[in-house]
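Asker: Once you've looked at the hints, dock chain B against the given chain A.
Number of protein chains: 2
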Amino acid sequence: MIKNQTVNKQIQHRTIRAFKDHNLTADELETIKQVAKHTSTSMFTQQCSILHITSESKRDRIRQITGQSYVGANGDLFIFIADLYRNQQIRHQLGKNDGRLHKTDMFMQAVQDTVLSVQNVVNAVESMGLGAVILGSINNDPFKLLEELKLPKLTYPILGLQVGEPNQKPQMKPRLPSEFTFFENTYKQDIDVKRLHDYDQIVQTYYDLRDANRRIDSFTNQMASQKLDLRETKRDRLLSAIRSQGLCLE
Amino acid sequence: MIKNQTVNKQIQHRTIRAFKDHNLTADELETIKQVAKHTSTSMFTQQCSILHITSESKRDRIRQITGQSYVGANGDLFIFIADLYRNQQIRHQLGKNDGRLHKTDMFMQAVQDTVLSVQNVVNAVESMGLGAVILGSINNDPFKLLEELKLPKLTYPILGLQVGEPNQKPQMKPRLPSEFTFFENTYKQDIDVKRLHDYDQIVQTYYDLRDANRRIDSFTNQMASQKLDLRETKRDRLLSAIRSQGLCLE
Chain A
1 MIKNQTVNKQ IQHRTIRAFK DHNLTADELE TIKQVAKHTS TSMFTQQCSI LHITSESKRD
61 RIRQITGQSY VGANGDLFIF IADLYRNQQI RHQLGKNDGR LHKTDMFMQA VQDTVLSVQN
121 VVNAVESMGL GAVILGSINN DPFKLLEELK LPKLTYPILG LQVGEPNQKP QMKPRLPSEF
181 TFFENTYKQD IDVKRLHDYD QIVQTYYDLR DANRRIDSFT NQMASQKLDL RETKRDRLLS
241 AIRSQGLCLE
Chain B
1 MIKNQTVNKQ IQHRTIRAFK DHNLTADELE TIKQVAKHTS TSMFTQQCSI LHITSESKRD
61 RIRQITGQSY VGANGDLFIF IADLYRNQQI RHQLGKNDGR LHKTDMFMQA VQDTVLSVQN
121 VVNAVESMGL GAVILGSINN DPFKLLEELK LPKLTYPILG LQVGEPNQKP QMKPRLPSEF
181 TFFENTYKQD IDVKRLHDYD QIVQTYYDLR DANRRIDSFT NQMASQKLDL RETKRDRLLS
241 AIRSQGLCLE
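Chains A and B, in that order, are what the protein sequence lines are. Numbering-wise (the UniProt record's numbering), the first sequence opens with residue 1 and increments by one. Numbering-wise (the UniProt record's numbering), the second sequence opens with residue 1 and increments by one.
Pulled out of the complex, with its shape left as it was, chain A reads as follows (with noise of 0.2 Å):
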């Protein structure tokens, strides 16, 4: 193993739920801008915009929509969006159509710019102390979300980020191991469930500070569980939420 600052940071990566009650200064902003912005672009079409969340309303009705308490409580909240309008706009000042601005092709290249982004800027910010969390939770009522950031057609906010000086010290969460999700040439098919017993023990060891009171259960056991269920739930939506904007239409 290779060590430096940058991978040291990364090997120990704890997601940060709990943050302390200031917000960013204005360097970590500019930081963070500046990060964001050198992020690889597909065919350079710049597909990524981000919005800062510091109305404390906004905040709290993304609150609701997450379920989750620690959104948009202390620390910084960004929406990461996918953003095909802009170069729609430009499409058409300069007298061209949409051309392929609503096939699935061009809404992954969007995607896949402003993923890239979050984790450059999670990088960034575990680079400088501060800790986040990824929130793919503000999806989880997709039309809601649509209406609340008010986006024109062409977008879609795909990731939260909230950032901020740690308030908590979480254990490491395990992942699975190498040969599992590694592999030469040829994707390996054959899994058995019996070789993820040893993983499975690890996982029941580890604490989660969401629920600081009991051991989690074993990875094989989430996986089979009402997490992946059929179920009742507003992420379902997100396809036609996606296609309302105009994105993503074959």
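Take these hints with a grain of salt, some might be off.
Identical copies carry no separate label here, and so any pair may be met within one copy or between two of them.
What the hints assert, rightly or not - DSBU-like, lysine-lysine: derived pairs with alpha carbons at most 35 Å apart:
#1 K194 / K58
#2 K3 / K20
#3 K173 / K33
#4 K188 / K58
#5 K150 / K227
Rather than coming from a laboratory, the hints here were simulated on the basis of the structure. What you are looking at is a predicted structure, and each value in this text was computed from that prediction instead of being measured.
Answerer: Using the frame of chain A, we list chain B on its own:
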């Protein structure tokens, strides 16, 4: 701006497409594996797998799919896969059905896990003094890629990544000023191409090493060009390829 080793690399990010004629050391490869492993994951589902493509013939065929001469040339080639198959197998072996795995929501979570991993690895790579190019071009012929990689249902190859010791020193590619991409609370819909004039000028003075003999076109002209025009392209088969894998069905 905060400066540290991580941020310094991030704000000077350049895509590297030419590498020296040797592979990653065992230490560098192990570092990449460990960093990928510790990337954030949605709902702890760990839905990313990585193929390290070391077979010369496979590298050749992937290069042909991308149409880019540097793919599979010098350096190490990785394919990052959104992987819901592993959790399907776990569920089956524990007596459960596929549950929500065919939903767009689950696919998007897996895509996010995967793209977060890509950027995390890029940052690790750059911190080690190496370079990388993210390869969206692996999906220039989606069905051919699936055939080549022999992936099971419920997996999809999202991005390639080629990594190695840089054999070129490209200029930094100028990015949109933050005022066009970073907003407080409310997305600004009034985009005026004229306000992009200065940025367009900057882009026009940048020389792309992929075609070092000429300046590239302005940003707005590129966005209004054939790049985003409707045209015959196998990339339009992306959605049917994803669905042929049982993903994103509803």
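Asker: Now look at each hint and say whether the structure bears it out.
Answerer: To see whether the hints hold, each was checked on the structure:
{"no.": "1", "hint": "K194 / K58", "in the structure": "between (47 Å within a copy, 32 Å between copies)"}
{"no.": "2", "hint": "K3 / K20", "in the structure": "both (29 Å within a copy, 22 Å between copies)"}
{"no.": "3", "hint": "K173 / K33", "in the structure": "both (29 Å within a copy, 16 Å between copies)"}
{"no.": "4", "hint": "K188 / K58", "in the structure": "between (46 Å within a copy, 16 Å between copies)"}
{"no.": "5", "hint": "K150 / K227", "in the structure": "both (30 Å within a copy, 29 Å between copies)"}
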